[in-house]
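Participant: Listed here are the chains, written in short residue letters.
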Amino acid sequence: MATVFCSSELQRFTGEELSAVSALNYRDLLKELYGKFPDLKNSDLEDMVIAIDGEIVHEPLLVEIPEGAELHFFHFIAGG
Amino acid sequence: MSEAKEYKYIGQRTIRPDGYDKVTGKANYAADLTLPGMIWGKILRSPHAHAKIIKLDTTKAEALNGVMAAATFADFPSVSNEAIQSGEGATDALDLGRNILARDKVLYHGHAVAAIAAKTEAIAERALALIEVEYEVLPPVMDVRDAMKADAPLLHEDLFTQGSAEQPEKPSNIAARHEFKMGDVEAGFAEADMIVERDYYSPTVHQGYIEPHACTVNYNKDGQSMIWCSTQGHFDVRASTAKLLAMPLGNLKVVASEIGGGFGGKTTLYLEPVALILSRKSGRPVKMEMGRDEVFRASGPGSAARLTVKVGAKKDGTITAMKSTMAFEAGAFKGSPVMMGCMTSFTPYNCPNVYCEGFDVVVNKPKVAAYRAPGAPQAEYAAEMAVSELADKLGIDQIDIRIKNAAKEGTQTIYGPKLKAVGLVECLEAARNSPHYQSALKAGEGRGIASGFWFNVGGQSSVTINMNPDGTGTIVEGSPDIGGSRASMQMMASEELGIPLNDLKPIIGDTESVPYSQSTGGSRTTFATGMAVIEAAQDVVRQLKERAASLWNVTPEQVEWQDGVAINTAGEDKMTCAQICAKNDKTGGQITGTGNVNARGAAPSFAVHLCDTYVDQETGKVDVVRYTAIQDAGKAIHPGYVEGQYQGGAVQGIGWALNEEYIYSKDGVMENAGFLDYRIPLASDLPMIDTIIVEVPNPFHPYGVRGVGESGIIPPLAAVGYSVGNAIGANVTDLPCSPPRVLKLIQGKN
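Sequence order for the protein chains is W and E. Take the first sequence: its position 9, counting from 1, is numbered 9 in the working numbering, and each next residue is one higher. Take the second sequence: its position 405, counting from 1, is numbered 405 in the working numbering, and each next residue is one higher.
The reader is advised that the hints may include incorrect statements.
Said to hold, decoys possible - Per the computed footprint, the stretches of chain W lying under chain E, defined by three or more beta-carbons under 8 Å from a beta-carbon of chain E, are:
1) 25 to 37
2) 55 to 65
3) 69 to 78
Calculated from the structure, these hints are not laboratory results. Just so it is clear, CB atoms sit at the ideal spot from N, CA and C, and this is done for glycine as well.
Same shape as in the complex, but just chain W (with noise of 0.2 Å):
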């Protein structure tokens, strides 16, 4: 299992802070919480970069999601 973190903008959308999955890579992963939380689907999710275990991922169809990370979702950082 590994735990997706909401940020205070998505739990707008999942009205939880923590969510465990048992997704092994971003596909299900989306599934998942599509599923758990209908209303994510009106958020940016997918428009999101998402960190595992603190190390910002940008291929994320590209990675498995290992047992017991931390998840978090955030908006992309421009920077100057």
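Once you've looked at the hints, dock chain E against the given chain W.
Facilitator: Chain E alone, transformed into the frame defined by chain W:
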């Protein structure tokens, strides 16, 4: 990261490969390209800050002898609200188009309304005066406080606040609301023995790049159109222009000229699509240049912001709660960096109870653009001022309170992930041990200390290294060089290949000659493009070993590569890089190494600045008398350029804190649109900015690199602001600390 090792080139202070051309005036900037048959484009700009366009007619202008074409928003093919890549993020295509040429309203003084191309600049200027525009003037909204009022004049009738708890029923100037929280902030304040709460203001400021926006373009109906321009991201110029003009990406080549400064302000575009429309209509190459006043009035500055910060701590200095509410000006279209302000505001502190609320607010000013660490200087200014005041009220040393509460590896951030290895404590300790901090202040002087945090990012970068038959090579990268990055790329390639720096020529490829790279930003270029260089160089080494193996009739695994020489471990043969390359034609042809990365593992860079100021009590004039910038570089590839980034960020931040601000009339007309009245610091205004490079390696980069171009602008606002307050014995809240404002504080105190 690889084990600690001795480097041959990394860490040296080499001569920049582009230096000679720049100091001799031979470098070609955006305005330097002239093409056969070229004509000139000029922009008609709005005289009003807020008005409806009732009529727009270019007929008389187009009839003027010598005029070749005119352009208005109507010349853009259908543009939707689709997101397009711009800078390191995404932007709304319709907003971008409406900012480049106004559609039905002008939203700031200087907003582009129409464009003319003519055989000479003078004819184009005359033609602009013949364009007929009728406006219905509307009241301008120039400040977030006014813009957020329920009865404020609306800039956009279709703008509804995103992120509200409830779906808004009415449009608003508040484009978005962001909220970040962790822990229980009210419980944290209940635990506190001392609380500081104050309102702060940071003004609209410009990046102040010396080279104005300019471009030369050539539309070609039969195939490749070309844009030559000054940009931090030529692939983004291609994407945005192609989207606005409904062109296939492959039909547009963008060449990045040398760039005379950007600092984030050249991650977007203003002229290029207009010039291409004019070129398409006239059948001629078109050149366009902004004047300095146009740069101020119509290109993107950094956001003005109003913030309320509350910080509480126990008597021993343990910070128990931090709270900030901030409203950032987005300018005429949504998209201020307020969210990043929320994310960065308190990240230098390991505090369990934090709350940040941010509002993105449209006002009748030019659409803001990125400016080093966008959003962080304003947000962290307020936070650092409050922490400094709290320390003084508790009688705790400014550095001690920051070390006691410093973010470190494992600290939970408000935006999500826990921090990995970071160097804030090391920077604070270096500050405490510095000769500057150990020195005593003189009479009339004050001291300020502040920290700064920026995330840094990685992203996509591409590099090819083409080896020549004589063993030299060309490094072709896709990241425009705004801070000396060509030297760093050359050094990293030399380190991997083991061949001399001068044997490798780094160049910036156009959008057709190098694969996609995201724009150049202080967060990512040396980090991510550097990783692509390392990957490309390692690819070259692999091929060189294969070629040597084939010449020696051994396996590649039996070949070692040391200091630019292949060694046959199965015998006693050696071959230099040049000897192997000379036999290219017999061993498989051209050797080209490629590196295409989507870099992960970017690591934050923390900065700590010390500032001493002297304040003239009679005039309110502030002199910075001593300044030290300390920052974690992870590993400084070229220490001279790292120091240059620290000094450049510090100087820009000092200007922001001391003098810089957009001054508007009540009608929304900018009154100081030139460097005479918008005063950036000159070399003669400042002491030497001392620097201390701290190196806490980023474990996710082969050499340990962290981006260093962003964090340096964050601490100066509070370091200078608190220093001034310290010198005059008053609380500074509003920037800049210009003489009239400081004098008012002195007089108020007396």
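Participant: All the hints need checking, so say for each whether the structure fits it.
Facilitator: Going down the list of hints, with the structure as the test:
no. : hint     : in the structure
1   : 25 to 37 : violated (count 0)
2   : 55 to 65 : holds (count 5)
3   : 69 to 78 : holds (count 8)
Violated hint for the displayed structure: number 1, the only one.
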